[in-house]
Amino acid sequence: MKQSPIYWTATCLLIASCGAVNTRTVAGPVIFERIHLSDASYESASVADVDGDGYLDIISGAYWYKGPDFTEKIQFQEPMPAGEYYDDFSNFPMDISGNGYPDVVTGGFFGGPLRWLKNPGPDSRELWEIMPIEQIGHIETTRFWDVTGDGHLEIVPNAGPDVYFYTLDRDEEGTPLGTFTKTMVRRGVAGHGLGFGDINGNGRGDLITPIGWLEAPEDPINGEWKWHQEFNIGYLASVPMLVHDVNGNGKSDIIVGNGHGYGLEWLEQRIENGRRSWVRHQQQPNRSQFHDMILADIDNDGQLDLITGKRYRAHNGMDPGADDPVFVAYYKINGGDFQEYLIDYGPADRASGVGIYFWVEDINGNGWKDIVAPGKEGLYLFLNQGPADGLDDE
Amino acid sequence: MVDLRNISAALIMTMGLIGHGWASSPPDVEARLGSAVERLEAGGQWHHAIGKLLVVLDDADMGSDVQIGAIKALVEYGDGSVVSPLLRIAVAGDGKVRTLVLESLPSLRGMDPTRAMADGFSGASPDIQIPLLAIIGAREPEVALPLLFEALESEEADVRNKALAAISGRTDRDSILSIAKLLNDPGNIDVDLLREAATDLRRELYREAAPAKLGFAHLLSYHLAESDKERGEALSLLSTNYVQEAIPVIQEALQNPSLADAAVPPAIIAGNHLLQLGQGESAVGFIGAAANAAGRPVPTGDTVSEAMAFLHHGWVTGPLRADTFEAGWEKAWAGEPDLDAIDPPKSPDLGWVPFDASASGGTIDLIAMHGQEDHCFAYAFLLFEMDEAGPATLRIGSDDGVIAWLNGEKVHENRVMRGLIIDNDHAPVTLKEGENRLLLKISQGTAGWGYSVRLTTPDGFPLAATQESVK
Numbered sequence: 000m001k002q003s004p005i006y007w008t009a010t011c012l013l014i015a016s017c018g019a020v021n022t023r024t025v026a027g028p029v030i031f032e033r034i035h036l037s038d039a040s041y042e043s044a045s046v047a048d049v050d051g052d053g054y055l056d057i058i059s060g061a062y063w064y065k066g067p068d069f070t071e072k073i074q075f076q077e078p079m080p081a082g083e084y085y086d087d088f089s090n091f092p093m094d095i096s097g098n099g100y101p102d103v104v105t106g107g108f109f110g111g112p113l114r115w116l117k118n119p120g121p122d123s124r125e126l127w128e129i130m131p132i133e134q135i136g137h138i139e140t141t142r143f144w145d146v147t148g149d150g151h152l153e154i155v156p157n158a159g160p161d162v163y164f165y166t167l168d169r170d171e172e173g174t175p176l177g178t179f180t181k182t183m184v185r186r187g188v189a190g191h192g193l194g195f196g197d198i199n200g201n202g203r204g205d206l207i208t209p210i211g212w213l214e215a216p217e218d219p220i221n222g223e224w225k226w227h228q229e230f231n232i233g234y235l236a237s238v239p240m241l242v243h244d245v246n247g248n249g250k251s252d253i254i255v256g257n258g259h260g261y262g263l264e265w266l267e268q269r270i271e272n273g274r275r276s277w278v279r280h281q282q283q284p285n286r287s288q289f290h291d292m293i294l295a296d297i298d299n300d301g302q303l304d305l306i307t308g309k310r311y312r313a314h315n316g317m318d319p320g321a322d323d324p325v326f327v328a329y330y331k332i333n334g335g336d337f338q339e340y341l342i343d344y345g346p347a348d349r350a351s352g353v354g355i356y357f358w359v360e361d362i363n364g365n366g367w368k369d370i371v372a373p374g375k376e377g378l379y380l381f382l383n384q385g386p387a388d389g390l391d392d393e
Numbered sequence: 000m001v002d003l004r005n006i007s008a009a010l011i012m013t014m015g016l017i018g019h020g021w022a023s024s025p026p027d028v029e030a031r032l033g034s035a036v037e038r039l040e041a042g043g044q045w046h047h048a049i050g051k052l053l054v055v056l057d058d059a060d061m062g063s064d065v066q067i068g069a070i071k072a073l074v075e076y077g078d079g080s081v082v083s084p085l086l087r088i089a090v091a092g093d094g095k096v097r098t099l100v101l102e103s104l105p106s107l108r109g110m111d112p113t114r115a116m117a118d119g120f121s122g123a124s125p126d127i128q129i130p131l132l133a134i135i136g137a138r139e140p141e142v143a144l145p146l147l148f149e150a151l152e153s154e155e156a157d158v159r160n161k162a163l164a165a166i167s168g169r170t171d172r173d174s175i176l177s178i179a180k181l182l183n184d185p186g187n188i189d190v191d192l193l194r195e196a197a198t199d200l201r202r203e204l205y206r207e208a209a210p211a212k213l214g215f216a217h218l219l220s221y222h223l224a225e226s227d228k229e230r231g232e233a234l235s236l237l238s239t240n241y242v243q244e245a246i247p248v249i250q251e252a253l254q255n256p257s258l259a260d261a262a263v264p265p266a267i268i269a270g271n272h273l274l275q276l277g278q279g280e281s282a283v284g285f286i287g288a289a290a291n292a293a294g295r296p297v298p299t300g301d302t303v304s305e306a307m308a309f310l311h312h313g314w315v316t317g318p319l320r321a322d323t324f325e326a327g328w329e330k331a332w333a334g335e336p337d338l339d340a341i342d343p344p345k346s347p348d349l350g351w352v353p354f355d356a357s358a359s360g361g362t363i364d365l366i367a368m369h370g371q372e373d374h375c376f377a378y379a380f381l382l383f384e385m386d387e388a389g390p391a392t393l394r395i396g397s398d399d400g401v402i403a404w405l406n407g408e409k410v411h412e413n414r415v416m417r418g419l420i421i422d423n424d425h426a427p428v429t430l431k432e433g434e435n436r437l438l439l440k441i442s443q444g445t446a447g448w449g450y451s452v453r454l455t456t457p458d459g460f461p462l463a464a465t466q467e468s469v470k
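Line by line, the protein sequences are chains C and S.
Here the first sequence stands for residues 0 to 393, where the numbers follow numbering that gives the first Met the number 0.
Here the second sequence stands for residues 0 to 470, where the numbers follow numbering that gives the first Met the number 0.
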């Protein structure tokens, strides 16, 4: 991993010839205002205008927090507790009923079905109706990708040994009908870790598992997905595994975190003599439980950054690194030599991780993307203030 | 500008700054320290604030209250990136600063600062290395052990001794084995210190008292022993608290006429454990060596499972379901315990299927026979002949739970959800001369489903039975 500007600046201050370098001239680290929204230990969160009032709200666990100040919380579901966990490993907002308000898709590891919670509209304060999609069990978490390439998102659970997705049924006008059609992609190739993106550059989104990838056919629902068993991550991989051209050579690579141990790496896609291979590049061996990751331009430099953090007590304290400090961080991809910028770091009673399902979005409309970070250590909102340069005490 | 004195009282208490005058560094440095700490306390600006603190660390006058405040804040909030600057200040600073840094570094928790401290070890002077060893030596083994082993090679006796002391405080497997290895080949380590460290470690293992820890304590006792009598006592204890890491010393003892008798019990345990681990050839060899040493018949057979006395032949039937899974445990599908009524060839209603487990190492895969089934039961019925009556141990592996009836008597029951490991359960039984009839009821929750069964003498040697193929 590239040496942080912190080292560089501190070291250079001791050397006369480096006198021109100081923190003020280092480009870009952005700073955040941290707001502790709740001590609730739900591990999922998202952002949507739940009540249609024009302000984005925060959804996490049993509650949604009314924007723009998020001080009022409204209970909309009762996730089933399971020890330290809740059966609630995603909180994805998606209008499924077709009433124009975002419903919430969730599911968990502990027996509840993959389901959506039906948003009754802004005037109701009742618990939302639970709408089962399928009783599939052991849902590590769920992701939402446009697998069919039609502009609408599919629901893709990471659950069990099979790869499959659910497409929301729509009428001829595209209005959601509230029902789903399941497509089985392939049996027996899934594991802890799931990704989506165009691996081979043919414009179609492929599905990635910890031991290979499934090449999307022209017709992702009826066609046959071609299996490429080309790597073996060898640990409980993050969800998602991110498809991204890390080194800028025009080929898609894969960024993977260890969801239940130490390590953050990227797999470089190489093609030599027509054969594809993957070369691993470890970037952060000293932090653990990278369970969720998001690519977004957090510092507005036009480049995607990796935003992630620790899933605190991902296995109830049994994972390697479980007792290490929690953190939220972003990484400049930097051509494959990741540069780490910690946003928050410390013991769980005073700092945040990102849980199993966190969210990045400009929630206050200031032009900088913010981070909503749930987890067993509580629910935090990190409001992006832009670069520290120019602050009055700099 | 932020006044440091406006920072929360709790944090100031944490930093230990109350009572300091803030007089020895320029006011702007004080202000920057206050601002950085305030940002760290507020959260969300870690990288920026730590960067500011590191600049303050260097800008402040050496040993000033502001620099001390920066040091305290860095160890309170920092990660591995602050270790190198702090060590640099420790080297450059006076005794007060050095002591503060080295006494504060343990506050930096986690793999990241531990690796950073290890990275700073090699180039440090002994007076820095020694306190670093004390910190890192108690940390994650993947970082601590290589460093401690490196330190054991140091030209500085104080560094070697500190490393030894640190290892002796660790009760993880690799640390224990390193001490055991050193006891055999101490190199340039002071032998008296080494034995003292090993004795301390053994005491700690006894204090922890977990079975594996006791096994390692006995292993250390073997290496610390100064006579065959003491080694024999250690071997006897190893048969009570066996650890796989004792295999080399058990092998060694089997070859030593004065220790061979004492080595037989742990050798039998080792052989049977190797069988569980899937190291069948080694298991047969170990058991054979133990049999030689004990003057007992050496196990023979064309295959490992034959030599280790697995029961290969019988009939199975299933899947069988009751109204509920729990009710299935109570349901007597096979007419148990009246085993005389069971005659698989004449009981077509239950659909008995003959099997031969010779080719599968003695284990029966019920999924392969019945397909993937959940929440149900199967039976296995086995006939075998013994040359003479006597006590024995029925060693059963099962996925999931199991009930066993021998000659009409229930001899074992374990209602459990688990995977199959050979010899999961041991049941003491008395075998009849001639035909013996064994009925097993094996439960299936989800996923795998199967069993294994074999016979041993009460002290663990394979006990061969005669079986006819029924296929």
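One thing to keep in mind: the hints can contain errors.
Unchecked claim - Cβ pair distances, simulated, as ranges: (1) S:His374 - C:Gly150: 41 to 47 angstroms; (2) S:Ile420 - C:Glu77: 36 to 42 angstroms; (3) S:Phe148 - C:Gln281: 41 to 47 angstroms; (4) S:Trp328 - C:Glu125: 40 to 46 angstroms; (5) S:Ile420 - C:Gln281: 48 to 54 angstroms; (6) S:Gly277 - C:Asp48: 25 to 31 angstroms; (7) S:Arg108 - C:Gln74: 46 to 52 angstroms; (8) C:Gly233 - S:Asp173: 46 to 52 angstroms; (9) C:Gln74 - S:Gly350: 52 to 58 angstroms; (10) C:Lys250 - S:Phe148: 37 to 43 angstroms; (11) C:Asp145 - S:Glu329: 49 to 55 angstroms; (12) S:Gly447 - C:Lys250: 36 to 42 angstroms.
No lab work stands behind these hints, which were simulated from the structure alone.
Computed from a prediction, not measured in an experiment: that's the story for all the values here.
Glycine is no exception: its CB is placed at the ideal position from the N, C-alpha and C atoms.
Now for the hints, and whether the structure bears them out:
no.	hint	verdict
1	S:His374 - C:Gly150: 41 to 47 angstroms	43 angstroms, holds
2	S:Ile420 - C:Glu77: 36 to 42 angstroms	40 angstroms, holds
3	S:Phe148 - C:Gln281: 41 to 47 angstroms	23 angstroms, violated
4	S:Trp328 - C:Glu125: 40 to 46 angstroms	44 angstroms, holds
5	S:Ile420 - C:Gln281: 48 to 54 angstroms	34 angstroms, violated
6	S:Gly277 - C:Asp48: 25 to 31 angstroms	58 angstroms, violated
7	S:Arg108 - C:Gln74: 46 to 52 angstroms	36 angstroms, violated
8	C:Gly233 - S:Asp173: 46 to 52 angstroms	21 angstroms, violated
9	C:Gln74 - S:Gly350: 52 to 58 angstroms	54 angstroms, holds
10	C:Lys250 - S:Phe148: 37 to 43 angstroms	41 angstroms, holds
11	C:Asp145 - S:Glu329: 49 to 55 angstroms	53 angstroms, holds
12	S:Gly447 - C:Lys250: 36 to 42 angstroms	40 angstroms, holds
The structure fails to meet hints 3, 5, 6, 7, 8 from the earlier list, while all remaining hints are met.
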